[in-house]
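Visitor: Sequence:
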Amino acid sequence: MSPTPNPTLVVSASAWSRVTNHANTAATSVTDERYTPGWVLDLVVSALGGIDLDPCADPQRRVQASHHFTKEDNGLEQPWKGRVFLNPPFSNSKDWIRHLSLYFASSTVTEAVVLLPVMALTNKSSRLLLREQAEGFILLERKLSFLDADYKPIGEMSSFPFALVYAGGNFHKFLSVMGDVGIPCVINKPHSQIKKMSCAYCGKPFTAVRTTRKYCGTTCRVEAFRRRTSC
1 MSPTPNPTLV VSASAWSRVT NHANTAATSV TDERYTPGWV LDLVVSALGG IDLDPCADPQ
61 RRVQASHHFT KEDNGLEQPW KGRVFLNPPF SNSKDWIRHL SLYFASSTVT EAVVLLPVMA
121 LTNKSSRLLL REQAEGFILL ERKLSFLDAD YKPIGEMSSF PFALVYAGGN FHKFLSVMGD
181 VGIPCVINKP HSQIKKMSCA YCGKPFTAVR TTRKYCGTTC RVEAFRRRTS C
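Its first residue numbered 1, the sequence shown is counted upward by one per residue in the working numbering.
These aren't lab readings, by the way, just hints derived from the structure by calculation.
Treat the hints with care, since some could be wrong.
[Stated by the list, open to error] Here are the simulated DSS-like pairs of lysine-lysine, each with C-alpha atoms no more than 30 Å apart in a straight line: (1) 196 - 94; (2) 173 - 196; (3) 204 - 214; (4) 173 - 143; (5) 81 - 196; (6) 124 - 196.
[Claimed, not checked] So the derived label-pair ranges between C-beta atoms look like this: (7) 124 - 71: 51 to 59 Å; (8) 229 - 98: 35 to 43 Å; (9) 70 - 108: 37 to 45 Å; (10) 74 - 173: 41 to 49 Å; (11) 90 - 225: 26 to 34 Å; (12) 181 - 151: 20 to 28 Å; (13) 152 - 106: 32 to 40 Å; (14) 78 - 204: 43 to 51 Å; (15) 206 - 33: 35 to 43 Å; (16) 181 - 221: 17 to 25 Å; (17) 145 - 214: 44 to 52 Å.
Virtual Cβ for every residue (Gly too), placed ideally from N, Cα, C.
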């Protein structure tokens, strides 16, 4: 007899905000110098098959990534690509999530794992990531003990829960690696065919119901046709 799989919670994006209303907002008072525990990094490396970029790297570049952006590099001013692990600063996670979403939408970032307090999943800045890009996440049951600026354990962060969010094409592998450390949650996407696209003529972003759509409107489609036929 095959083993019984771990239960998976299917969460609709619209209903998720009701689930997280109880989350403790004490995260705003915690220092940004909180580095990811080693056991989390090991799992992320296994889930992604390697990390290409850590855009919020600590001074010693502890994350086993091919490229690192430290505070001095300012990852928000740098291009991102490949497989990304993101543990953004508590004080400004929204800008980092938006930056990730931008490069994931352009297919420059191919896979990403993001470590976030659960309450951050309902922020406006997380909507594109959670509703259209992420396949799901793990609600961590194991308490996190981050490292401080001196690389010493801060102590278990028990006042609020954390999640590891995954975006990419290998969600089943992510679940198989992460399933033992938390509750797997699959994001229900009733409008999965709706995509954010860039117009092939004017370059402006638009929402497309069909992934084969190339232009934001009739004007651009006609102008593109004229350009092709005039050559």
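Visitor: Could you run down the list of hints and mark each one as holding or not?
Guide: These are the hints, each one checked on the structure:
no.	hint	verdict
1	196 - 94	19 Å, holds
2	173 - 196	26 Å, holds
3	204 - 214	11 Å, holds
4	173 - 143	23 Å, holds
5	81 - 196	19 Å, holds
6	124 - 196	17 Å, holds
7	124 - 71: 51 to 59 Å	25 Å, violated
8	229 - 98: 35 to 43 Å	39 Å, holds
9	70 - 108: 37 to 45 Å	21 Å, violated
10	74 - 173: 41 to 49 Å	32 Å, violated
11	90 - 225: 26 to 34 Å	50 Å, violated
12	181 - 151: 20 to 28 Å	22 Å, holds
13	152 - 106: 32 to 40 Å	39 Å, holds
14	78 - 204: 43 to 51 Å	24 Å, violated
15	206 - 33: 35 to 43 Å	40 Å, holds
16	181 - 221: 17 to 25 Å	49 Å, violated
17	145 - 214: 44 to 52 Å	49 Å, holds
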